[in-house]
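Take a look at the letters that make up each chain.
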Amino acid sequence: MSHEHSQQAEAQSHGGAQQTLLAGQPQEHPGPRVDLSPLKATLEKFPRRADQLLPLLRAVQELYGYLPREALDAVASHLKISRANVLGVATFYHHFSLVPQGRHKVCICRGTACHVRGSKDVLDSVCQSLGIEPGQTTPDLSFTVEEVMCLGACALAPLMVVDGAYYGKMDQRRALEILKQYKQEPQA
Amino acid sequence: MKTMRSPADLAAVKASQATEPNYRTIAVCSTGCLAVGAGTVAQAFEDEVRRRGIADKVRVARTGCHGLCEQGPVVIVHPERIFYPRVSVEAVPRIVEETGLRGEIARDLLYRDPATGEEYVHDYDVPFYSAQKRVVLRYNTDLEPLDLEGYIRWDGYAAAARALVEMSPEEVIEEIELSGLRGRGGAGFPTGTKWQICRQQPGDHKYVICNADEGDPGAFMDRSLLEGAPHAVIEGMIIAGYAVGANQGIIYVRTEYPIAVRHAARAIEQAREAGLLGQDILGSGFHFDITVHEGAGAFVCGEETALIASLEGRRGMPRPRPPFPAQKGYRGKPTVINNVETLANVPAIILNGHEWYAAIGTERSKGTKIFALAGKVNNTGLVEVPMGTTLRQIVFDIGGGVRNGKAFKAAQIGGPSGGCVPAQYLDTPIDYDSVRAIGTIMGSGGLIVLDEDTCMVDIARYFLEFTQRESCGKCVPCRIGTRRMLEILERITAGDGTLEDVERLERLALVVKKTSLCGLGQTAPNPVLSTLRYFRDEYDAHVVDKRCPAHYCRALITYRIMADACTGCTACARVCPVNAISGEPKQTHVIDQALCTRCGLCRATCKFEAIEVV
Ligand SMILES: Cc1cc2nc3c(=O)[nH]c(=O)nc-3n(C[C@H](O)[C@H](O)[C@H](O)COP(=O)(O)O)c2cc1C
Ligand code: SF4
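Residue numbers (the numbering used here), protein chains in the order written: chain A, 1 to 188; chain V, 1 to 614.
So that you can see chain A by itself, here it is in the shape it has in the complex (with noise of 0.2 Å):
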């Protein structure tokens, strides 16, 4: 966390774009252009600490749905931290995503009661029935689909929940004619 390493942090942020954290990297899905104007507001709110970094994490997700590379380095620079360090934040939480997500989000619930209960059945035909893998979005933008590990509806199990809205006692065959509903609305 030196003060050279901020420096550089900041120079290529505002400078070169391009030479971003993770350049070079696959990514599943070539990130769209991303407007970073609404970022500073979002910066300017958290003081210019290393222990920010998970808050203002957070922060930035909540602003683009996913925490785009050229804003990880905005961070870096604004809390005066290695980029390395804030990667190393971001990719160690399940909360944070560095890729862009769906419109609508599947969360298939993988506590132990779901477990039990046949939730491995329920994520393997929404997945199958969509093409990816879980954790993965759809590269039409329109899924993205997640194992959580306990929602604490167990009453429930096996749960899905779609965009917030709860679906229990699931089996393969309800759990697809939900996931036709979303499908067949009209896109926003």
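Each hint can be trusted.
With a straight-line cut-off of 16 Å between C-alpha atoms, the simulated EDC-like cross-links for lysine to aspartate or glutamate are:
(1) Lys-120(A) x Glu-465(V)
(2) Lys-607(V) x Asp-171(A)
(3) Lys-80(A) x Glu-312(V)
(4) Lys-105(A) x Glu-62(A)
Source of the hints: derived by calculation from the structure; they are not laboratory data.
Given chain A's structure and the hints, the job is docking chain V with the ligands onto it.
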């Protein structure tokens, strides 16, 4: 409420509230039951009361989790405590009119025991509740979580007042020590001792952290407490702060619990406005304040040193102890970290005295414990029982036994750090030491019932998949050991395992347990070791006979259409994603085993239960 500046002010607030109200309260579970539509039901009650202009006679309270999640949305009408399960919006006008206004019982809406058909009027008579002893959860069925005045009416903050004004910090610690309270976060460390260690450290800057990370899949005790009774947790933290000499508290809460985050934050504001947090609390000269910090979805952050790293903005990786956080914790300062439930026990102990508390429970495990009962059990829900209650009482008397009349196979206690308790130990009293003796740990209180259809090898694989993914990667035994163990378990459940694999798995488990740095790695092998201990025959069946006795592991099962039950409706053939099913309409269908991926969609679709798994 005006700011309170002394215990007398607090007593005045309590006295100003009628103990026998001249209205009825309809208490709707509005945290856990939200997932089953309790929000709409509560709204309907509020609308109905407003529409009829009877707000002086009937009040609606959106309370914390009542516990019987299985029967949600759950409603209790006070003061009679008339209990209505599975309340629908249609039933709302009747409950308001018949019970809310007239105090009568709407018989047809009452709870009927699914097993015996017996009808119950009051919540305290329902077998699920009658066998419980609710000390920590006592507010959840009666009070709105953010009803600070109600909490004070129930002697809330009286314990803090007594501790801060009448007792010395040493006396508080002694009281907790004598009560025998042990940490509810898993390890069962004596709380008084922990506080004492922290108190003895030099320095003015100390911290109290409430651990509400609750990452154990299948556990929701801490969530329900923080959502349902945030003031009890805050009061516990104030007392802890006073005892150890800390002026700053932090609640570290799982981000997946938005209601808990909201209630905790709002309750802190309320307490501040009322003079229960901040400078010179109740004229005692003691300062204390609390902030809320959200986790970011990493199980290992429940471990205390990882939690501190996370609070400091770093990757949540544990460090070796000693020094313990009580010596050197957050920002390098002495820090007491306690679990939500531990802290929620504290006010009751100060208020009622250590003798009262120590009379509950067993020789070495005092008080009550909350369990999140779930899985293949009839009554999924939140259960608080005295330590020493047997597993049989919890699963059968309270839980109503195993679903669908299946046979009980085991109870998984303690989540990824715990183990499986087989049927022969159903009469074991559940306390810290007894469960350890049978190869599991109390853990935080997740209790998952497994039945004859649960594959025990798969359960071990399931937990290893979890711990492997959650391993922070800092130390080799855990990072690589859990991966190798998972690979072996995957081989076995895929039907490719050998007897040597099982032996290797056992050896590896013991090494990982002995050599890992933190509790995650040290306990990750427990699900494997306990299933090997009690269900080795299932491992053998997988590797020797290539058979999954529970008919669960995909590689070892076959889906078959039973000719006598199949009507040839074609539903299964249409739904199969790999077109493995063929047959003419009205003719028996057949599954092509070479194509079948055993996804089970046909079986979930068949209306005639004509598809079996063998
Ligand atoms: C991997 C791991 C996860 C843990 N998760 C939690 C948790 O979610 N909640 C908790 O209170 N304690 C958890 N603990 C235990 C804490 O490290 C700590 O012992 C506890 O919070 C102390 O509080 P207590 O003395 O009141 O039990 C965890 C420990 C480990 C090793
Ligand atoms: S035991 Fe596992 S979780 Fe704990 S420090 Fe080692 S690698 Fe990290």
